[in-house]
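Please construct the entire structure, taking both the sequences and the accompanying hints into account.
Protein chains: 2
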Amino acid sequence: MKTYLVVILLAAVCSAFVAVNNAADQIPYPEGYHKWTNTRTFITGYENKEPKKGDGFHDTYANDRAMIGYQTGHFPDGAILVFDVRTAVTTEGTIAPGTRKHVDLMLKDSARFKDTGGWGFEEFTGDSRTEGRLSGERQKNCFNCHAGKKQTDFVFSQFKE
Amino acid sequence: MKTYLVVILLAAVCSAFVAVNNAADQIPYPEGYHKWTNTRTFITGYENKEPKKGDGFHDTYANDRAMIGYQTGHFPDGAILVFDVRTAVTTEGTIAPGTRKHVDLMLKDSARFKDTGGWGFEEFTGDSRTEGRLSGERQKNCFNCHAGKKQTDFVFSQFKE
Chain A
0 MKTYLVVILL
10 AAVCSAFVAV
20 NNAADQIPYP
30 EGYHKWTNTR
40 TFITGYENKE
50 PKKGDGFHDT
60 YANDRAMIGY
70 QTGHFPDGAI
80 LVFDVRTAVT
90 TEGTIAPGTR
100 KHVDLMLKDS
110 ARFKDTGGWG
120 FEEFTGDSRT
130 EGRLSGERQK
140 NCFNCHAGKK
150 QTDFVFSQFK
160 E
Chain B
0 MKTYLVVILL
10 AAVCSAFVAV
20 NNAADQIPYP
30 EGYHKWTNTR
40 TFITGYENKE
50 PKKGDGFHDT
60 YANDRAMIGY
70 QTGHFPDGAI
80 LVFDVRTAVT
90 TEGTIAPGTR
100 KHVDLMLKDS
110 ARFKDTGGWG
120 FEEFTGDSRT
130 EGRLSGERQK
140 NCFNCHAGKK
150 QTDFVFSQFK
160 E
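Protein sequence lines correspond, in order, to chains A and B.
Be aware that the first sequence starts at 0, since it is given in numbering that gives the first Met the number 0, and climbs by one per residue.
Be aware that the second sequence starts at 0, since it is given in numbering that gives the first Met the number 0, and climbs by one per residue.
The hints are simulated quantities; they were obtained by calculation from the structure and are not laboratory data.
Bear in mind the structure is a predicted one, so any value in this text is a computation, not a measurement.
Each residue gets a CB set at the ideal place from its N, CA and C atoms; glycine is no exception.
No false leads were mixed into what you were given.
If you anchor each label on the Cβ, the simulated ranges turn out as follows:
#1 A:Glu-49 / B:Arg-64: 40 to 46 Å
#2 B:Arg-64 / A:Asp-108: 29 to 35 Å
#3 B:Thr-89 / A:Asp-108: 37 to 43 Å
#4 B:Glu-46 / A:His-73: 39 to 45 Å
#5 B:Glu-160 / A:Ser-109: 25 to 31 Å
#6 A:Arg-111 / B:Lys-149: 48 to 54 Å
#7 A:Pro-75 / B:Pro-27: 30 to 36 Å
#8 B:Asp-108 / A:Asn-143: 51 to 57 Å
#9 A:Asn-143 / B:Lys-113: 58 to 64 Å
Here's what the structure looks like:
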């Protein structure tokens with residue numbers, strides 16, 4: 000449960016410091032991430048009549064280079080982890096994912112993001128694939144939470160076969 | 000909702016005709032399927048105090064060859080689709096997957112399974128990776144439901160980016 004709270008808190012902190020990004024800060028949208036490995040899934044707030052910002056289907060995806068990181072404990076440059084949040088739609092006892100609320104991602108680039116453990120952070124809201132919302136300064140707020148996970152290369156999630 | 004019911008009904012029909020498999024019928028356990036593309040996810044029965052057999056986290060995974068099938072409408076030999084069912088564990092408003100209940104799979108092998116649209120069906124219960132439970136005759140019961148989906152090469156699920 001603690002881990003869920005940390006992940007949700009992380010997203011909340013990132014989202015609380017939103018600003019339109021400039022080109023220098025921009026991290027690209029992670030095209031095709033739904034085809035990557037889904038490393039964890041959970042649902043929050045399904046009982047809330049008025050869902051909060053963080054409520055819904057939470058899924059984490061990892062690209063091939065990020066999968067190396069899960070195995071070795073060190074995420075190589077090019078590794079991308081995606082935290083995807085969709086609405087949770089309840090119908091006759093079934094809960095399925097609905098529309099996308101936002102996508103957060105971490106991109107490993109040791110040289111570019113040397114001040115934040117080698118990781119850059121970004122968020123795209125709704126269905127946007129073009130407008131990252133976190134400025135360089137505010138990306139650092141994401142890292143403030145991740146900084147406590149140095150032993151796993153600043154990554155919260157794990158992958159178990 | 001209809002689709003969910005069909006998928007669950009399919010699993011129920013498969014499971015209702017269970018017998019220990021013999022070597023000739025055996026379809027191997029789909030090693031590493033958690034790393035494949037997760038094409039859909041939903042939860043059923045989360046409100047049931049006494050969960051039914053089919054209740055829980057339902058996830059469908061597709062290997063690379065099955066992804067070709069989603070794109071082209073024809074699934075090539077070697078395509079595997081996995082239907083994974085885990086318990087749904089509710090803790091303080093969060094639902095997460097728990098232990099595995101069973102894994103059903105479809106393997107495309109046009110020559111071997113020519114009487115069932117080229118697809119073979121198998122089920123592994125609990126954590127077993129060695130004991131497929133469906134005999135050749137009983138695998139056909141799975142196909143009886145899939146036979147109605149000839150226009151999508153006998154596959155119920157779809158993949159949308």
